[in-house]
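K.L.:
One-letter residues, chain by chain:
There are 2 protein chains.
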Amino acid sequence: MSDLKKYLRPEIVDMAPYKPGEQPGAAKVIKLNTNENPYPPSPKVREAIVHATDRLERYPDPLATSFRIVAADLFGVSPDHVLCGNGSDDILTILTRAFVGPAERLRLPYPSYILYRTLAQIQGARFEEIRFGADFQLSPEFFVRSDKLRLVFLPNPNSPSGTMIDHDTILQLASSLDCPIVVDEAYVDFAPNHAVGLIAKDPRIMVTRTLSKSYGLAGLRFGYLVAHPEIIGFLRKVKDSYNTDAISIAGATTALSDQSWLKENVSKILATRGRMVPRLKQLGFDVTESHTNFVWATRSDRPVKPIYEALKAQGILVRYMDYTQSTAGSWGDGLRISVGTDGEIDAMLMVLEGVLG
Amino acid sequence: MSDLKKYLRPEIVDMAPYKPGEQPGAAKVIKLNTNENPYPPSPKVREAIVHATDRLERYPDPLATSFRIVAADLFGVSPDHVLCGNGSDDILTILTRAFVGPAERLRLPYPSYILYRTLAQIQGARFEEIRFGADFQLSPEFFVRSDKLRLVFLPNPNSPSGTMIDHDTILQLASSLDCPIVVDEAYVDFAPNHAVGLIAKDPRIMVTRTLSKSYGLAGLRFGYLVAHPEIIGFLRKVKDSYNTDAISIAGATTALSDQSWLKENVSKILATRGRMVPRLKQLGFDVTESHTNFVWATRSDRPVKPIYEALKAQGILVRYMDYTQSTAGSWGDGLRISVGTDGEIDAMLMVLEGVLG
Chain A
29 MSDLKKYLRP EIVDMAPYKP GEQPGAAKVI KLNTNENPYP PSPKVREAIV HATDRLERYP
89 DPLATSFRIV AADLFGVSPD HVLCGNGSDD ILTILTRAFV GPAERLRLPY PSYILYRTLA
149 QIQGARFEEI RFGADFQLSP EFFVRSDKLR LVFLPNPNSP SGTMIDHDTI LQLASSLDCP
209 IVVDEAYVDF APNHAVGLIA KDPRIMVTRT LSKSYGLAGL RFGYLVAHPE IIGFLRKVKD
269 SYNTDAISIA GATTALSDQS WLKENVSKIL ATRGRMVPRL KQLGFDVTES HTNFVWATRS
329 DRPVKPIYEA LKAQGILVRY MDYTQSTAGS WGDGLRISVG TDGEIDAMLM VLEGVLG
Chain B
29 MSDLKKYLRP EIVDMAPYKP GEQPGAAKVI KLNTNENPYP PSPKVREAIV HATDRLERYP
89 DPLATSFRIV AADLFGVSPD HVLCGNGSDD ILTILTRAFV GPAERLRLPY PSYILYRTLA
149 QIQGARFEEI RFGADFQLSP EFFVRSDKLR LVFLPNPNSP SGTMIDHDTI LQLASSLDCP
209 IVVDEAYVDF APNHAVGLIA KDPRIMVTRT LSKSYGLAGL RFGYLVAHPE IIGFLRKVKD
269 SYNTDAISIA GATTALSDQS WLKENVSKIL ATRGRMVPRL KQLGFDVTES HTNFVWATRS
329 DRPVKPIYEA LKAQGILVRY MDYTQSTAGS WGDGLRISVG TDGEIDAMLM VLEGVLG
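First to last, the protein sequences are chains A and B.
Per our numbering, the first sequence runs over residues 29 to 385.
Per our numbering, the second sequence runs over residues 29 to 385.
Pulled out of the complex, with its shape left as it was, chain A reads as follows (with noise of 0.2 Å):
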């Protein structure tokens, strides 16, 4: 039956499937490897979700207009800058689709989110990715507008390196360039400022959230866009119509609205982070100063993957992340692992100081 091939687009055919991290089953495992957040929700969470069980032989709001009220609010915009998706990979999707058509191109710093550069081969667009520069920072090959670019994914803070681009140079960036900017702020609650405000300043400036990392819910499926609102109309029309459902409106509502869980949340992992990067370097470990909930953990004097499997084998899983194939030349590879609670991080460098010897 291998002739089925034959239907599908050749793109389709042709590409490396994304592969997200390893989500191992029920197994005691001290799982560092996909920044989820180490704590649950807000216990309110919980409650509006059973609430919303009552209703659910009706389709949701397809808008989840309750959850952009509550955006809007937190950012002084109005409901109409936001988008609401199936976590921010939705969106990303949404944007891929909107915006760049086949053949044409979407940008990407790189190393970054290997996501990006799946959407755009789904499309059957082009990727240019573009290597950072010293300090993870934009090169000046990033600013040069190019033929057919027509969208630009920036992570901010960046993935794996945990760092941030300020926002003089995406400003600067969004007038270099003839095209949208997507900054990806999946992990920005960890991090000392925001982008929200540029999109006021330059209207192709939009800006992406998950409540995956920040609000401990990975599992629930909750993205957003905030961006000016004709763009959030022609991004509605390519949505899945009921593209968020009715448990995930109302959990994610909740969480937004619950800022001050938020704050305790974050300065206890960035606590466990600040306890965590001195003891990585102790141990050898060039590690990037980091504005998230993960630390990406380099080494020139020893190959990384197998501390990475010993880690493994004992329980410990972190991300490895091989960098050293790409359009974009080799970039070496690392660790990126993800800030657990203290007893966690406890024993993740207990077993490293073992593996390390």
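FYI, nobody ran anything at the bench for these hints, they're computed from the structure.
Among these hints, one or two may not hold up.
[Said to hold, decoys possible] Derived pair list, reagent style BS3-like, types lysine-lysine, alpha-carbon separation capped at 30 Å:
#1 A:Lys333 to A:Lys309
#2 A:Lys33 to B:Lys72
#3 A:Lys265 to B:Lys33
#4 B:Lys265 to A:Lys47
#5 B:Lys47 to A:Lys265
#6 B:Lys265 to A:Lys333
#7 A:Lys229 to B:Lys34
#8 A:Lys229 to B:Lys33
#9 A:Lys176 to B:Lys176
#10 A:Lys56 to B:Lys229
#11 A:Lys34 to B:Lys265
#12 B:Lys34 to A:Lys340
#13 B:Lys72 to A:Lys34
#14 B:Lys340 to A:Lys265
#15 B:Lys34 to A:Lys176
#16 B:Lys229 to B:Lys265
[Stated by the list, open to error] Between beta-carbon pairs, the in silico distance windows are:
#17 A:Asp175 to B:Ser328: 49 to 59 Å
#18 B:Ala228 to A:Gly371: 24 to 34 Å
#19 A:Arg173 to B:Gly343: 51 to 61 Å
#20 B:Ala338 to A:Lys47: 50 to 60 Å
#21 A:Gln353 to B:Pro130: 52 to 62 Å
#22 B:Glu317 to A:Thr93: 17 to 27 Å
#23 A:Gly261 to B:Val57: 21 to 31 Å
For each residue, glycine too, the CB sits at the ideal point set by N, CA and C.
Given the structure of chain A, go ahead and fit chain B onto it with the hints provided.
P.N.:
Then chain B, alone, in the frame of chain A:
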């Protein structure tokens, strides 16, 4: 700021948005316009959802394996035959993106589910709307090979008509055409038979399902595809990694496991439909024989749009469907009325009598 438009793909700017049926808020409306189940889902679903709130900070299973195991068991296939989605609209989107490239074609009968057309437009593809023949059966034109035809959508039972195409005809269609055929079985639990068995006879036949209708879970967003594992493998590359959330996976798995709930629910709805159809006919409607949880009611003696409006003014929401403007020519218009509870249908009929007065 109206020059933002220039950044969008022209296909997106030009296309008309797909409009789902109205979703009024908490107002006291008898809602018979979007074919929701009038009854709440199996009570076990609620329990499963509450249980699933325990681990929301973790990503869900990307492949929704618990659900695939139950579905595979139900159909006597392997879990590798099943792909899960965020509603069957997500599945239809994935199929379009995987099979139909820009300027290629997809085929759909007319009148049927308007979303198929929208999906082609978003993709920059073409659609061939081919009018149904008499009694909503496929016309000979539907079997004719055409240049660049890559995918066929065949809703079965169809909406708005509630009618079915028999399985021999579907197999004949598959042999006539050189492309995959999606049998969209959103409503099939209300019908006498389903097409999953056809996949083994022709692996180009694929079947989509939703839990929105027969399982009373429109608010949860869960649908799935049953197809040859080789096709499923390719489609996994196109779906968002975490396209179904932890709550919907748990709820959907439990709902599908509770087949006795399904049986009882379907028989209640069919009983109500059995009472509803003759009374609509007495009131002067032509009612197509329905194999679904809705009926298609038309009349030649007077326009139906004012009837829809008069019902709406009195708090009864049915769906007015206007099929007078299409590349396939006019089909006329009608009212698609969901089968509610006995009480809701009695109320609708009473108001309708007054309206027709």
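K.L.:
Look at each hint and say if it fits the structure.
P.N.:
Hints, verified against the model:
1. Using a Cα cut-off of 30 Å, the hinted pair Lys333 (chain A) and Lys309 (chain A) holds, with the two alpha carbons roughly 18 Å apart.
2. Between the alpha carbons of Lys33 (chain A) and Lys72 (chain B) the distance comes to roughly 40 Å, so the proposed pair goes past 30 Å and is violated.
3. Restraint check for Lys265 (chain A) and Lys33 (chain B): the C-alpha separation of about 13 Å stays at or below 30 Å, so the hint holds.
4. For the suggested pair Lys265 (chain B) and Lys47 (chain A), the alpha carbons sit about 9 Å apart, so the restraint of at most 30 Å is met.
5. At most 30 Å may separate the alpha-carbon atoms for a hinted pair to count; Lys47 (chain B) and Lys265 (chain A) meet this at roughly 9 Å.
6. Proposed proximity of Lys265 (chain B) and Lys333 (chain A) is supported: the alpha carbons are some 26 Å apart, at most 30 Å.
7. Pair hint Lys229 (chain A) plus Lys34 (chain B) holds up; C-alpha atoms about 19 Å apart against a cutoff of 30 Å.
8. This hinted pair checks out: Lys229 (chain A) and Lys33 (chain B) have alpha carbons roughly 18 Å apart, not beyond 30 Å.
9. For the suggested pair Lys176 (chain A) and Lys176 (chain B), the alpha carbons sit about 26 Å apart, so the restraint of at most 30 Å is met.
10. Among the hinted pairs, Lys56 (chain A) with Lys229 (chain B) is inconsistent with the structure: their alpha-carbon atoms are about 44 Å apart, more than 30 Å.
11. Taking the CA atoms of Lys34 (chain A) and Lys265 (chain B), the gap is near 16 Å; set against the 30 Å cutoff, the hint holds.
12. A threshold of 30 Å between alpha carbons decides the hint, and for Lys34 (chain B) with Lys340 (chain A) the separation of about 49 Å lies outside it, so the pair is violated.
13. Taken as a hint, the Lys72 (chain B) and Lys34 (chain A) pair is broken in the structure, with Cα atoms around 43 Å apart against an allowance of 30 Å.
14. With a C-alpha separation of about 26 Å, the suggested pairing of Lys340 (chain B) with Lys265 (chain A) holds against the 30 Å cut-off.
15. Annotation: proposed proximity of Lys34 (chain B) to Lys176 (chain A) holds, straight-line Cα distance about 13 Å (limit 30 Å).
16. Between Lys229 (chain B) and Lys265 (chain B), the direct Cα distance comes to roughly 25 Å. Compliance with the 30 Å bound is thereby established for this hinted pair.
17. A C-beta distance of roughly 58 Å is found between Asp175 (chain A) and Ser328 (chain B), which places it inside the suggested range of 49 to 59 Å.
18. Under the hint 24 to 34 Å, the C-beta atoms of Ala228 (chain B) and Gly371 (chain A), about 51 Å apart, miss the expected range.
19. In this structure the supplied range 51 to 61 Å holds for Arg173 (chain A) paired with Gly343 (chain B), their Cβ-Cβ distance being about 57 Å.
20. Taken as a hint, the range 50 to 60 Å holds for the pair Ala338 (chain B) and Lys47 (chain A), whose Cβ atoms sit roughly 56 Å apart.
21. Separated by about 29 Å at the C-beta atoms, Gln353 (chain A) and Pro130 (chain B) break the suggested range of 52 to 62 Å.
22. In this structure, Glu317 (chain B) and Thr93 (chain A) break the distance hint of 17 to 27 Å, their C-beta atoms being roughly 39 Å apart.
23. Separated by about 27 Å at the C-beta atoms, Gly261 (chain A) and Val57 (chain B) satisfy the suggested range of 21 to 31 Å.
Consistency note: the structure conflicts with the earlier hints numbered 2, 10, 12, 13, 18, 21, 22.
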